[in-house]
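Novice: Read top to bottom, the protein sequences are chains S and C. All residue numbers for the first sequence refer to the numbering used here, where the first residue is 1 and numbers rise by one. All residue numbers for the second sequence refer to the numbering used here, where the first residue is 1 and numbers rise by one.
Everything labelled a hint here was simulated from the structure, so no lab data went into it. Be a bit skeptical, because a hint or two may be false.
[Claimed, not checked] List of simulated lysine-lysine pairs, DSBU-like, C-alpha gap at most 35 Å:
| id | chain 1 | residue 1 | chain 2 | residue 2 |
| --- | --- | --- | --- | --- |
| 1 | S | 192 | C | 128 |
| 2 | S | 176 | S | 192 |
| 3 | C | 128 | S | 176 |
| 4 | S | 226 | S | 176 |
Below, each chain spelled out in residue letters.
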Amino acid sequence: MIEDELLPAESWLTRIGRWLLPAGLIALMLLAWEIWVRVRDTPRWYLPAPSAIWRALIDHWGSIRSDAWVTLQEVLVGFGAAVLVAVPVAIAIERFTIVERALYPIVVATQAIPLVALAPLLLIWFGHGIMPKVVMVALISFFPIVVSLVDGLRSADRETLDLLRTMGASGWQRFKLVQVPSALPSFFSGAKIGMAIAVIGAVIGESAGSRAGLGHAISLASASLKTDLVFACVLVLAVMAIGLFALIALIERLAMPWRAWVVE
Amino acid sequence: MTALPPEDVSRGPIVTNDSPLLTVDGVSATFVEQRHRLPVLRDIAFGLQRNEFVSLIGPSGSGKTTLLDIIAGLWTPDSGQILLDGIPTTAAERLGTSAYMHQRDLLLPWRNALDNAVLGLEVQGVAKSRARAIARERFPAFGLQGFEDRYPAQLSGGMRQRVAFLRTMLSGQELLLLDEPFGALDAMTRATSQNWLQELLAELPRSALLVTHDVEEAIFLSDRILVLSARPGPVQYIETIDTPRPRSRGFLASPEFLAMRSRLLGELGLIDEPVPS
């Protein structure tokens, strides 16, 4: 009974190759940018060179770090709240037709509201602290998580669910043994999208009015034409967003070890 | 009828009374699809004795799978009834009284082979560690030793089907409902799997109702074959095979096999005139 081994992992060489290509492209673009700015002698407030941005990042590291920490807290608390609310709402929408009919149109309709327009309102209700930003993050990342989780719970294989019924499985057993695991891939797709836009939500909230955070730092720096500092803050935001995305992807892989062998 | 406790898996069913294990009594069923009523079964009646192997053959759309679904308890027929041990049952009562196996193995991709095999036991409330121990013992007999920790995606089609068979047998149910379990396998694997199933049933006797399109498979495995007609109607023809099971592959070349084969193909309208015997 010897079967061919299926190799799930790609070799380390192709892995490095996958990183090398975009990294090389970015390096090349940075180099072109640097040369362009130096040759044309572009004013610093208009377009700073990558080296100047790097220097601004080092010089202002203390304040950037504490601003980044504030933004990170807003994103994590807001995203966590979105997940905590989205999971029971999605389960209720999937399980009970009446909840679906009542709630789903509302959930979809909230997507039509430009959440940016809500930012001043949140300031009035929740003040200038971390709270309005957390609410903004939660509102903006809620939708993709709910919708993808509902889809995921519905994607469970009909025949498999029927098989469990013939085994005498209860509704709860079918939910736990089949529907929840079936929903995981879709749930994580939604969580990754939610996390990516959560960072945007935090910056929008901060720009509307705040005393700290990277969004606040960007507003201040651009008002005084410290363009290199603006870029430095954007760079930190990008790294944060990528890092959070990668964190979800890592949890996804740990939660679904079988996916490594499933050929899409 | 209740599930046998798992420790009885190797001992086989215990006969409790003289009624057939399963009686299908005048069952009719209709599909309703977009306001069209499509009759699929009409007045089907037969019995299945303990440890008997019965095959249902018939053209596509003759309602064979629907009949298995009804017996498993997924549907209530429009008329007629299903009796277990001579006692009329409702669909809800039949859930959890048979072991159903499909053409698709329906393994859970997120569970390894061992945990897929214990699914039926787990649903019945057997503790996972005990269920695993019971299943682990059976892995060698199913040609799966050493593959306990593999995910379905890491197994070949034949192996996946054997895991599904193991899951079916471990559920401890007396009644097996087999819906083209070999249909998705290639010819070689199919022949091996048929031999293997036959030996398995000699060791662990069960009552089985097999749906198949394959006349030779039906003759090779069955005690009786019921032919369903293309249009919904009562069982069209019954073939009884007296050769004791398990049978050798050589049985497939015997004159009585060939005679039965041409009779059945004739009944199915696949050859114009039955070959004279």
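Novice: A separate judgement is required for each hint: does it hold in the structure or not?
Specialist: Against the structure, the hints:
The hinted pair formed by residue 192(S) and residue 128(C) meets the criterion: a straight-line CA distance of about 33 Å does not exceed 35 Å. A distance of roughly 23 Å separates the Cα atoms of residue 176(S) and residue 192(S); the hinted pair therefore holds under the 35 Å criterion. Pair hint residue 128(C) plus residue 176(S) holds up; C-alpha atoms about 15 Å apart against a cutoff of 35 Å. Proximity of residue 226(S) to residue 176(S) is assessed by CA-CA distance (about 54 Å); at most 35 Å being required, the pair is judged violated.
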